[in-house]
Structures are given as C-alpha cells and as structure tokens.
Amino acid sequence: MVLQSSRIEILNDGGLRSDGRRQYELRDITIEFSLQGHSDASVTFQHGLTQVLVSVLGPHEARMRSQTAHDRAIINVEVNVAAFSTGERRRRTRGDKRLLELASTIKSTFEPVVQTHLYPRSQIDIFVHVIQQDGGLLPACINGATLALAAAGIPLSDFVCAITGGVHSTSPLLDLNTLEENDVPHVTVAMMPRTERVALVTMETRLRAENFEEIFKLAIDAGKVLYMEMKAALQRRTRALVVALGSGSKATTQATAFDVDEL
Amino acid sequence: MDIDDLETGEFRLTCPGETITSAHDFMRGHGTYVDDELVIASVAGTVQRVNKLVTVRAARSRYNAEVGDLVVGRITEVQPRRWKVDANSRQDAVLMLSSVNLPGGVQRRKLESDELQMRTFFEEGDLLVAEVQAFFADGAMSLHTRSLKFGKLRNGQLVIVPPVLVRRLKSHFIALPCGVDLILGLNGYIWVCKHMQDSDQGEEGFDAEAVYSNQNDEVDGPTRIAISRVSSIIRVLADHFVPLTDTLFLEAYNWLIEQEVNTKDLILGDFGDAMVAAICTVR
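Protein chains in written order, with numbering that gives the first Met the number 0: chain A, 0 to 262; chain B, 0 to 282.
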C-alpha cells in the first residue's frame, strides 16, 4: 500500500480533484437579482462556495468634486470582505492593501467596457460584499459586477466573463477552489465573449511559460461557457421586468405580471 | 436580419454586446453602438424601431429627463444664484433663482438681497415639485417652479420607485377620495400627502408664507393612517414592477379596506402578493 501523504491530492489517479470534479469541470453557478436598499441593481453571484453580493449605484452626481471628469463618468469600486467569509476568522479593514488592489483591478477591468462617455460629470459606484470565499474571488467579483451593471441599465460594450485556471504538474485545471489555489500556480483571465478580447490577465504565482498558452486557451473557452449562463440569467430577469411592465404583448402580461420573483 | 420581426408585435430582448442588425441599413439610437459595421446593443432591454432608427430601451435605468416632465426632487446644495436638486437622474438638476416664484408678486426684479436669503426659500434637504425647463450642454437639467402647483412639499412622505413605473399621465397631481394627495414625479419620486384645499386665488393671492413654509399643518390620525396605507401600496406595487396609475391606487385602497389588512402586514406578509393578484386581474 502506498503511504498516504498528509497533503490532499490535487488530482488523483482517476483524474478527479479534491472536491470530486474533473480537470475542466466548473463549479455550480447561482445568479440572483435582488434589490439592495437604495442601489440601482444588485446581484448575488455564487460560484461554488464563493459568494459575492455586488450592488451598483448610479450614474449619479459625482461626490468628490476633485475627481469629477468633465467628459465621462468615473467608476468607484469598494470591496468589503465579511470577517466570517474565510476558514479562519479575520477582520479586514477598508484600508487593507489587498482589498484596495482587488478594487483597483475591478475598476481597471471595467473602465474600457462601461461606456462612460455617455455620462459626463457623473459617478458609477460598484459595491462588492464578499460573503463567502473558496477560491476564484476576483472572477466572482468581476462576473457579479458585469451582471449588476447590466441590470442597472448602464451601457456596456460587452459582457466580461472571468475564470481562473491553473496547472498541477502538467495537467491544467479550471476554476480552482481555495485548496488548489494555495498549492497550484494559477492565472485569472477575464474575456469579452463578443470580440474574444481579453480584459484582464493577472497572476500572483509563477507559471511555467510553456503551460501558459494551454491554460489561457482553456480559460477563454470556459469564459464562453460562463457567458451563456450569465446571459441566460440576465435575459430571464429582463423578460420578467418587461412582462411585468406590460410593454410586451397583452396576452402574456396578465398571466405572469405577479409571478416575478427575480426582481 | 430578423429585426423585421418586430412588426409582428412580439418584443425582442437584448443583452449588452448582442448584435441587432447591420449598420448599413439602420441608424443607431440610444442603447446601441456601432462596431465593425454592425449595430450592437449596449443595455439589457427591448429593441424599438422607428423607420431606420434602432434603439434599445433598458428594462430598468436611471431617470432620463425630457422637457416638460414633472419631477419631485430634494435640494442637495445651495450655490450662488442656484440650487442643486437630486432628482434621481445621472446628474443633479439645477434650479436657478430666476426660475422660482419669489414673494411679493411674480413681476418683480431680482434683488441682491434675494441671493443672500436663498436659504429662506429652499434649504438643503427640502423636497420640492418642479418642471423640467431645459437642458445644459453636459446633459444636466434645469428646473422651474413658476406655477402655483409647484414649490416646496409639506404634510406627507416620499416614496421612491423605479422611474419606468411612472408613466406620463394627463395629470400627475392625483387626489384620492381617502383624503390623500399624490404627486407622481416622472423621476420615480412620489410624494404622498394630506389633501390640500384648492385655493383659487390666482397670481395675486400668491402667499409666500405658505409656499416656502417649513412648518407642517396639523395632520390628524386617520389621515396619517391613509398616507401610510397609500405609501405601502406604492411600495408593494413597485416591488412587483407594476406600472402605477390612478385607478390602480383606488382599487388597491378599496381592496385593503375590504380585506381589513393591517398596513404593516401588507409590507411584511403575503398580503402584498394577494393584493397585486387581486387588482391586476381586475385590470
């Protein structure tokens, strides 16, 4: 009998990962549109055990006079991580460097995608609340923010779909959880499905150059899969709203007007 | 392209980044952009077509003002010769000192003393009802309150709903028989207040004391209950994304009285769903 190592096997001989997934298998995605307080739209995006709540407020009058741009809207991203979101309880303050970096990554991802020139002297707020984390935090934030922006009626040139990919010895993996993220070199890729342009590529670990291309291509493919899911969810919501408004054909209006559970 | 299907009455939904049609045959309107000779949607909503113009109307968005719209707003700032007003739009609206009625007759020259006592007319936090007068170059709107119908709001409470739910009506001042007045701002701000006696005093009887007063009148118990009932009805209807009309309020109010629903239960319990179901089938 082989001596069982104390470490968890990332990929066993049967080709299964520690949580029972195959190499390229993504985790479950749940998208829920809700209204959070005074925000214009908010989305709870759950990817496996990672859960984020993204609220979008705006466009509205810019709060900071000094940062107002006269020809476009400014995007303001604030990230808040719940103390109970990780395995070990830990309070992060608002000034935490990692959170500021996360926020500025999200901001720079969306600046070219949001058509800010339509809203001069305005501000768009994206508030991210991290409820649970189990790997893939940045992709979850980006995907959630895309949906929240679209739901708030803010013009976007395209969706942004993000996913992580990593490599275990020579076998590529997609959509890593925390266990895998701690062990395996990985890269986060955000892509725009219409043009297949890449909005963001970021790495916090070292990845062998020869592995990069394969993972990158896999991540792009996974992004397209994500896009289908996100698009379907957004379309369900849009349909529900349009039907409830009664701007559609009259026959369907009456039947479903009070059946809207996904506002 | 299947854009011609629109004429059959079926609505077409879009997502950001979805191709609508070719840019050769059509012009792009709001909610779209052109890339690579294709018209592409930039918001999630319904496609609308007028001749060659293709627009996408977002299912839910901020208020897009038009000249002549009635809006309810809140003063956020007092600046030289102008007030800044939050009107649920993408920028704060501007209310110029020259576009409000000043005490002492309408045909009166603006004095320097008026500029110094602007806060006696409107202060930060005051709610007002006004009309959209014009737009500035950057898209900000300019308001005016030069009518006896407009001005500061008192004796009631504000309810905020998505702006698409307020449709253009013949009159946005609605008096319900339960002793409650409604002002439906097209920006989604709705003022619910005690019924005001119509004062047919005309221009001469313009009473500055009453128009710019910060003091509420006496509102008795039953009226307070009626106001909170109407406010709850509006909130429930907005939660179900039902467009607001005056007949709907009446039906909802009567249903509430018939069923003897407590106002609090309407918001918390399942009564909201029941109410929407009841009055929407009537509709």
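Be aware that one or more of the hints could be misleading.
[Unchecked claim] Which stretches of chain B does chain A cover? Using the computed rule of at least three CB atoms under 8 Å from a CB of chain A, they are:
| hint | stretch |
| --- | --- |
| 1 | 43–49 |
| 2 | 230–242 |
[To be verified] Derived CB-CB ranges, DEER-like:
| hint | chain 1 | residue 1 | chain 2 | residue 2 | range |
| --- | --- | --- | --- | --- | --- |
| 3 | B | 110 | A | 67 | 41 to 47 Å |
| 4 | A | 82 | B | 224 | 40 to 46 Å |
| 5 | A | 82 | B | 218 | 53 to 59 Å |
| 6 | B | 133 | A | 216 | 51 to 57 Å |
| 7 | A | 208 | B | 23 | 53 to 59 Å |
| 8 | B | 156 | A | 89 | 52 to 58 Å |
| 9 | B | 24 | A | 216 | 50 to 56 Å |
| 10 | A | 65 | B | 36 | 47 to 53 Å |
| 11 | B | 214 | A | 97 | 21 to 27 Å |
| 12 | A | 7 | B | 33 | 47 to 53 Å |
| 13 | B | 65 | A | 17 | 56 to 62 Å |
By construction, these hints were calculated from the structure, which means they are not laboratory data.
Keep in mind that this is a model prediction, so the values were computed, not measured.
Beta carbons: idealized from backbone N, C-alpha and C, even for Gly.
Hint check results:
Chain A is given as covering the stretch 43–49 of chain B, and this holds because 3 residues of the stretch bring a CB closer than 8 Å to a CB of that chain, at least three being needed. Here's how the stretch 230–242 of chain B fares: 5 of its residues keep a CB closer than 8 Å to some CB of chain A, so the rule of at least three is met and the hint holds. Range check, residue 110 of chain B to residue 67 of chain A: Cβ separation about 33 Å, and the 41 to 47 Å hint is violated. Checked against the given bound of 40 to 46 Å, the beta carbons of residue 82 of chain A and residue 224 of chain B, roughly 42 Å apart, stay inside it.
At roughly 45 Å, the beta carbons of residue 82 of chain A and residue 218 of chain B sit outside the given window of 53 to 59 Å. At about 54 Å, the beta-carbon gap between residue 133 of chain B and residue 216 of chain A stays in the expected band of 51 to 57 Å. Restraint check, residue 208 of chain A to residue 23 of chain B: a C-beta distance of roughly 44 Å breaks the suggested window 53 to 59 Å. Evaluation of the 52 to 58 Å hint for residue 156 of chain B and residue 89 of chain A yields a failure: the beta carbon distance comes to about 42 Å.
The hinted window of 50 to 56 Å between residue 24 of chain B and residue 216 of chain A is violated, with their beta carbons roughly 36 Å apart. Checked against the hint of 47 to 53 Å, the pair residue 65 of chain A and residue 36 of chain B fails, with Cβ atoms roughly 41 Å apart. Between residue 214 of chain B and residue 97 of chain A the Cβ separation comes to about 52 Å, which falls outside the hinted range of 21 to 27 Å. In this structure, residue 7 of chain A and residue 33 of chain B meet the distance hint of 47 to 53 Å, their C-beta atoms being roughly 52 Å apart.
Hint check: residue 65 of chain B to residue 17 of chain A, Cβ distance near 58 Å, so the stated range 56 to 62 Å holds.
Hints 3, 5, 7, 8, 9, 10, 11 from the earlier list are contradicted by this structure; the remaining hints agree with it.
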